[in-house]
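Going down the list, the protein sequences come from chains A and B. Just so we're aligned: the first sequence equals residues 1 to 467 in this note's numbering. Just so we're aligned: the second sequence equals residues 1 to 101 in this note's numbering.
Among the hints, erroneous ones may be present.
[Claimed, not checked] Subject to a maximum C-alpha distance of 30 Å in a straight line, what follows is the list of computed DSSO-like cross-link-like pairs (lysine-lysine):
#1 A:65 <-> A:221
#2 A:328 <-> A:221
#3 A:77 <-> A:65
#4 B:13 <-> B:56
#5 A:221 <-> B:13
#6 B:13 <-> A:65
Simulated from the structure, these hints should not be mistaken for laboratory data.
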Amino acid sequence: MANEKSHQIRFISPVGSVGGGISGTALDEALAQAPHFIACDAGTTDAGPFSLGMGTPAFPREAVKRDLSLMLRAGRKANIPVIVGSAGTAGGDVHVNWVLEIAREIVAEHDLTVRTAVIYAEQDKTYLKRLLFENRILPLDPAPPISDSIIDESIRIVGMMGVEPLQQAILDGADFVLAGRCSDSALFAAIPLMQGFPPGLAWHAGKVSECGTLVCETLGKGVIFTAISQDEITIRPYGPGLRCTPQSVAAHSLYENSAPYLHRECSGTFDLTDATFEAIDDLTVRIRGSEFIPEPYTVKLEGAALAGYQSIIVGGIRDPYIIRQLDKWLGSVRSYIDESVARVLGAEADKSLYSLIFHTYGINAVMGSLEPDPNHLPHEVGIVLEATAATQEMAHKLAQLSRQPLLHYPIKEWAGSITAFACLHNPAVIDRGPVYRFNLNHVAVPSTPVEMFRTHFVELGGSRRSS
Amino acid sequence: MILAEIANLIRSKNAGPFTLTFDIMFADLESYRRVKDSGALNPAAFARLYRCPVEKVRFFECENALAFKFSIPRPLTQGELGDGDTHGGQQFVPLMELEIP
Numbered sequence: 001m002a003n004e005k006s007h008q009i010r011f012i013s014p015v016g017s018v019g020g021g022i023s024g025t026a027l028d029e030a031l032a033q034a035p036h037f038i039a040c041d042a043g044t045t046d047a048g049p050f051s052l053g054m055g056t057p058a059f060p061r062e063a064v065k066r067d068l069s070l071m072l073r074a075g076r077k078a079n080i081p082v083i084v085g086s087a088g089t090a091g092g093d094v095h096v097n098w099v100l101e102i103a104r105e106i107v108a109e110h111d112l113t114v115r116t117a118v119i120y121a122e123q124d125k126t127y128l129k130r131l132l133f134e135n136r137i138l139p140l141d142p143a144p145p146i147s148d149s150i151i152d153e154s155i156r157i158v159g160m161m162g163v164e165p166l167q168q169a170i171l172d173g174a175d176f177v178l179a180g181r182c183s184d185s186a187l188f189a190a191i192p193l194m195q196g197f198p199p200g201l202a203w204h205a206g207k208v209s210e211c212g213t214l215v216c217e218t219l220g221k222g223v224i225f226t227a228i229s230q231d232e233i234t235i236r237p238y239g240p241g242l243r244c245t246p247q248s249v250a251a252h253s254l255y256e257n258s259a260p261y262l263h264r265e266c267s268g269t270f271d272l273t274d275a276t277f278e279a280i281d282d283l284t285v286r287i288r289g290s291e292f293i294p295e296p297y298t299v300k301l302e303g304a305a306l307a308g309y310q311s312i313i314v315g316g317i318r319d320p321y322i323i324r325q326l327d328k329w330l331g332s333v334r335s336y337i338d339e340s341v342a343r344v345l346g347a348e349a350d351k352s353l354y355s356l357i358f359h360t361y362g363i364n365a366v367m368g369s370l371e372p373d374p375n376h377l378p379h380e381v382g383i384v385l386e387a388t389a390a391t392q393e394m395a396h397k398l399a400q401l402s403r404q405p406l407l408h409y410p411i412k413e414w415a416g417s418i419t420a421f422a423c424l425h426n427p428a429v430i431d432r433g434p435v436y437r438f439n440l441n442h443v444a445v446p447s448t449p450v451e452m453f454r455t456h457f458v459e460l461g462g463s464r465r466s467s
Numbered sequence: 001m002i003l004a005e006i007a008n009l010i011r012s013k014n015a016g017p018f019t020l021t022f023d024i025m026f027a028d029l030e031s032y033r034r035v036k037d038s039g040a041l042n043p044a045a046f047a048r049l050y051r052c053p054v055e056k057v058r059f060f061e062c063e064n065a066l067a068f069k070f071s072i073p074r075p076l077t078q079g080e081l082g083d084g085d086t087h088g089g090q091q092f093v094p095l096m097e098l099e100i101p
């Protein structure tokens with residue numbers, strides 16, 4: 001096995017995100033090809049700042065448990081490590097602990113013994129303020145402002161780890177590495193890099209594998225099986241009807257990335273400018289020529305701050321007289337609401353401390369300032385009023401005070417009292433709870449690749465390894 | 001012909017919370033080259049469609065993926081109050097009508 005390892009390393013990416021739904025059949029097929037490890041991403045900022053701010057995962061517990069159970073059992077059956085990163089969607093400590101409890105349950109139910117390295121990625125605010133003072137927090141483009149008070153007001157800040165903390169955990173004998181926020185590609189590159197495979201290939205293999213079957217021509221149920229040798233990557237899916245093609249693999253590097261060829265990781269940039277993609281057979285693609293350029297070590301930071309509490313009203317307008325003057329009418333409604341808020345709530349509702357936003361579906365709600373055709377009038381307009389304030393109680397009152405003016409604000413085309421707004425619900429006001437915003441787009445420059453991350457070993461299912 | 005009639009996928013998506021990215025993809029090299037050679041797809045044309053400064057537009061021609069890519073800063077950060085498209089998935093539509101001579 002040792003000789004073979006230096007010749008080729010193979011791994012499985014079972015699904016794009018833990019909880020997305022692993023195909024057990026495809027996993028078994030790929031497991032028969034003697035992989036050296038299984039790795040899987042579990043997080044994303046894709047859905048927005050809520051998970052990081054609130055400390056909750058985006059997937060149901062049952063979905064995560066099912067996938068994690070398949071992976072842990074496969075890992076133990078083949079006696080190979082399983083690496084999971086960005087646990088619980090946002091990769092904060094609370095998210096990692098949530099997944100750790102699920103793992104504990106799985107191990108007990110299936111009578112497994114799993115030496116688990118838990119790597120926390122949440123950042124200490126005092127540490128970050130020291131880095132800031134030492135000019136070791138650098139802005140990306142575009143970056144919001146940063147200061148001690150912005151660090152303090154953050155609910156939670158995570159650092160996106162590179163391969164080094166994962167590698168240390170593997171060296172220390174982990175069967176299962178459960179990591180907080182982590183570079184997706186690093187989950188797959190960590191072990192190949194430890195074993196001396198070329199960095200350009202190791203990183204690129206991680207990049208094309210991390211989204212599961214999204215790298216295939218069409219998305220479907222299956223797993224991705226990737227092999228790296230000294231001069232090439234091969235990638236193929238297991239699963240019915242799935243295939244990797246040179247175009248699908250090349251195109252995957254574009255997905256959700258601002259630039260297609262250069263991908264910044266903690267330790268440098270991998271460069272796909274000269275990468276070539278060729279079909280080996282109907283399912284398998286060979287990649288060559290990916291490069292890696294080492295750079296000063298940086299760790300990307302992600303932070304969430306509370307934006308306030310929100311209440312909304314959903315409804316619509318069908319009256320063509322109102323639709324043709326909607327901006328002006330909503331402006332008048334808005335002024336009326338502001339006045340009644342000041343009258344009823346007084347100093348309690350300082351205008352600078354609340355926000356009222358009308359999303360006008362049918363006009364420009366989807367594209368906002370980017371809408372090229374905001375003057376096109378539909379026959380019906382959907383309206384979502386978002387009221388945001390420092391407390392849920394205040395947001396709720398703002399929305400309540402908005403309902404009457406929305407319903408009855410007059411227009412000159414009709415004589416007498418009108419009901420202008422078709423409310424979807426009774427009660428009209430829906431409380432949304434806390435809302436968050438991303439407040440950092442920065443990197444930290446640590447002294448070492450591991451100092452920002454804390455690793456704890458936990459023996460799940462027993463106090464000793466079964467080997 | 002308009003771009004939507006030649007491309008087999010035009011899509012937009014967040015690339016992180018602060019950036020919007022747009023991919024224009026083709027079924028074959030001939031279609032890709034046709035658009036590339038027309039010169040109609042370029043940062044200035046994109047900046048006009050999206051009313052943003054041309055120096056903020058990043059443009060990539062990716063022949064091996066049969067794709068073009070544009071990236072711009074998000075007008076509002078993902079999830080900011082007022083943002084109406086959390087994933088950025090519905091911002092590509094103005095590109096569809098771009099005339100390819």
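Going through the hints against the structure:
no. : hint            : verdict
1   : A:65 <-> A:221  : holds (18 Å)
2   : A:328 <-> A:221 : violated (50 Å)
3   : A:77 <-> A:65   : holds (18 Å)
4   : B:13 <-> B:56   : holds (17 Å)
5   : A:221 <-> B:13  : holds (23 Å)
6   : B:13 <-> A:65   : holds (29 Å)
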